[in-house]
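Asker: Read top to bottom, the protein sequences are chains A and B. Here the first sequence stands for residues 428 to 944, where the numbers follow the working numbering. Here the second sequence stands for residues 80 to 309, where the numbers follow the working numbering.
Hints are computed from structural coordinates only; laboratory data are not their basis. Among the clues, some could well be false.
[To be verified] Listed below are the simulated SDA-like cross-link pairs for lysine to any residue, each with C-alpha atoms no more than 20 Å apart in a straight line:
#, chain 1, residue 1, chain 2, residue 2
1, B, Lys180, B, Asp158
2, B, Lys180, B, Ser210
3, B, Lys180, B, Gly148
4, B, Lys180, B, Met201
5, B, Lys180, B, Asp226
6, B, Lys180, B, Gln191
7, B, Lys180, B, Val224
8, B, Lys180, B, Ala190
9, B, Lys180, A, Gln651
10, B, Lys180, B, Ser166
11, B, Lys180, A, Gly909
12, B, Lys180, B, Gly197
13, B, Lys180, A, Gly855
14, B, Lys180, A, Glu587
15, B, Lys180, A, Asn852
The structure presented is a predicted model; accordingly, all values stated were derived computationally and were not measured.
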Amino acid sequence: MAGRAEPVSPRAGYGAAALVAALILVTLGAVVLRADAPGALGRADWAAIRFTLLQAALSAALSVLLAIPVARALARRDFVGRAALITLLGAPFILPVIVAVLGLLSVFGRAGWVSGLLGVLGLEPIHVYGLHGVVLAHVFFNLPLATRLILQGWQDIPGEQYRLAAQLGAGPGVTQRLLEWPMLRRVVPGALAIIFAICLTSFAVALTLGGGPRATTIELAIYQAFRFDFDLNKAALLACVQIVLTGAAALVALRVEPEGGLARAGLGRPAQRWDSGGLLLQDAAVITLAALFLILPLLAIVMDGLAGLWPLPPGLFGAAVTSVLVALLSTGVLLALALPISVAAAQPGCSWLEGAGLLGLAVSPLVIGTGLFILLNPVVNPAALAVPVTACVNAVMALPFALRILVPRARQLRAAHARLALSLNMQGWPMWRYVLLPRMRPQIGFSAGLTAALSMGDLGVITLFADPQMATLPLFVFRLMGAYQMQSAAGVALILLALSVALFWFFDQGGRRHAGA
Amino acid sequence: MLVLDGLRLTRGTFALQADLTVQTGARVAVMGPSGAGKSTLIEAIAGFTDVTDGRILWDSHDLTHAAPGARPVAMLFQDGNLFPHLSVAQNIGLGLRPVLKLTGAEQSRVAQALARVGLDGMGARLPAELSGGQASRAALARVLVQDRPILLLDEPFAALGPALKAEMLDLVRDLSLETGATLLMITHDPSDARRMADQVILVAEGQAHPPTETAPLLDNPPPALQAYLG
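Chain A with its partners taken away, still in its complex shape:
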């Protein structure tokens, strides 16, 4: 029915996509116009560029390399807690970075559990700040993502192929060459590219675990040019460098992205196989190590947090209120953008709209933040707009993920119901009210939950816009860490984690309850 009426006009979708594109392109324009000439890049800036690329490459390579045995073990073993472990692999997505960093410090830090163990054996404690720490944190966040992507690849190998391999008498080696290597060749480049792109723009990890001339990323350098030197021209120049790098990485990542990477992957049952009898111990060890690597920092957060809960530091309540406000506002903005875009993108000839939503992948929060600051600073006090600006930027950053969740569902609904709705004259609001909203409820709840949690834990733009009188919870934790009040920081981090998980749960469950068939 090309060219005919649709139950929902795509105009609202065009409008929302244009708004996103305008926000991103105008801020990029502001950054480019304000930037120093490229010649102004000093030695320290080149060091930051090199460090950014180095840590992203190392993080991507290590995450994927370690994920392969974990995914293989999960793909061929069934055990009690397998489903729970796979669900846990999704947890880092909604875990605030600064909370995870505190947990990692408790386990791997100078005074942490592992160093204590090494001390008992008479060995030196680990030095966690710098390149090691940055890569460690990135692997903590991206090993689960890589595992899910690769596990999905394993589960996409049809069970019949294993049966055929067994019938041909193929042992583990032959099965690997026949079935598993081709799958890995298909999936691994995508996983590498996505994780490289993510680590390129990571700011909070570098802010807390990096720093100094030898461990500064471009994002961190932008922040420092901003915060310490208030050199907007320099910040803008660094932002331009970041735009080129992330834009290129995002293009590569989109081109090689594995299918269904951001959906709830990998919960299917393991395929029955006949070639892996002797590898049980190896698989058990791999799964145990991976589970410990994920669970110990979370455990540390809870233990340290409970110990640090009392006395509550002054200012906590205000920061919590601000954070919840930012998260809810951001979720509202996200839905106002993502719903019309996804329904419009589901219509024939409009799938490019989804691309407009993906523009957010090509820029980092600090780059947009710099651009907005340059634009707003002459007109208003940027600190006065910290909350709405942070909420909007977080919404734009969450938009690509939300679209990946919403657009496929919108396509299904259009295929199933558009003609019936048209013949019943259900257009515009009745279509939204009685068909689209009820039937997209689980997807709306899931994407709203992700956005709320991401926004709750975000430590990015807010660092540029907040004045000392205001804070979100992640910023509050960061300031406590900076003042070496680690106990209080752990307590507040636990509260932040609880609020993030609660918001995610609230939206996700709300979406699943009474969900239309």
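Assemble the complex: chain A is given as a structure, and chain B must be docked to it using the hints.
Answerer: Relative to chain A, chain B alone:
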């Protein structure tokens, strides 16, 4: 009466020509080989396919460019005739108005329609709680309250068994007799056509032929129909 006046439908290299008249109240089977354009023809009348050339008229009203919901047409699709998350009564109510808040009078019309198709008291159920035959009846009840003078059927009963399909076709014939609706029905089965259609539109070789009497046509089919019937 329904007039297809020099109608031309194209999709890529596919083209269908139709120049014919269907009398008000007629029951017409649309037959022809797969891919000949039966569905395209029905979709054009319903408003789901763009018209390249020509006009579609109903009692001298030009429908050629009207929105699907604004046409005097109700349609049963091959599947997806009910919203799965709405109750049977709500689904039927949508035939009256595209909102779910109905007046008392409208609610009793829904109840009457349910009773007429033999689904008395099942208004609160969800479509998933109905059998295939009951779901078809619910969709027919909606068509009944829509009260449109033209009813188009795109093989909505194809997934039912032979006995159930015959039962549904009888119900459709009875309803169209009661309401005086003009019926166009795609079918592959000559016995369906004999069962309920007085006339047949043969769609073959890029042409939708004017309706002719069912029995003589099927008893003595022209070559194009002969090849299809085998």
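Asker: Hint check: B:Lys180 vs B:Ser166, CA-CA at most 20 Å. Holds or violated?
Answerer: 13 Å, holds
Asker: Take the C-alpha atoms of B:Lys180 and B:Gly197, compute the straight-line distance between them, and say whether it is at most 20 Å.
Answerer: Violated. B:Lys180 to B:Gly197 sits at ~24 Å, over the 20 Å cutoff.
Asker: Can you confirm whether the C-alpha distance between B:Lys180 and A:Gly909 stays at or below 20 Å?
Answerer: Cα-Cα ~59 Å, so violated.
Asker: Run the distance test for B:Lys180 versus B:Ser210: straight-line Cα separation, threshold 20 Å.
Answerer: 27 Å, violated
Asker: Measure nothing beyond the straight line between the CA atoms of B:Lys180 and A:Glu587; if it is 20 Å or shorter, mark the hint as holding.
Answerer: 52 Å, violated
Asker: With the threshold set at 20 Å, check whether the alpha-carbon distance from B:Lys180 to B:Ala190 stays at or below it.
Answerer: Within the cut-off at roughly 15 Å; holds.
Asker: Would the hint linking B:Lys180 and B:Gly148 be met if the CA-CA limit is 20 Å?
Answerer: 19 Å, holds
Asker: Sort out whether B:Gln191 lies within 20 Å of B:Lys180, counting only the CA atoms.
Answerer: 17 Å, holds
Asker: Taking 20 Å as the top limit, are the C-alpha atoms of B:Lys180 and B:Asp226 close enough?
Answerer: 19 Å, holds
Asker: So if I understand the rule, the pair passes when the alpha-carbon distance is 20 Å or less; does B:Lys180 with A:Gln651 pass?
Answerer: 59 Å, violated
Asker: Quick one, are B:Lys180 and B:Val224 close enough, alpha carbons at most 20 Å?
Answerer: 15 Å, holds
Asker: Checking one constraint from the list: CA of B:Lys180 to CA of A:Gly855, max 20 Å. Satisfied?
Answerer: 17 Å, holds
Violated hints, in rising order: 1, 2, 9, 11, 12, 14; the structure is consistent with all others.
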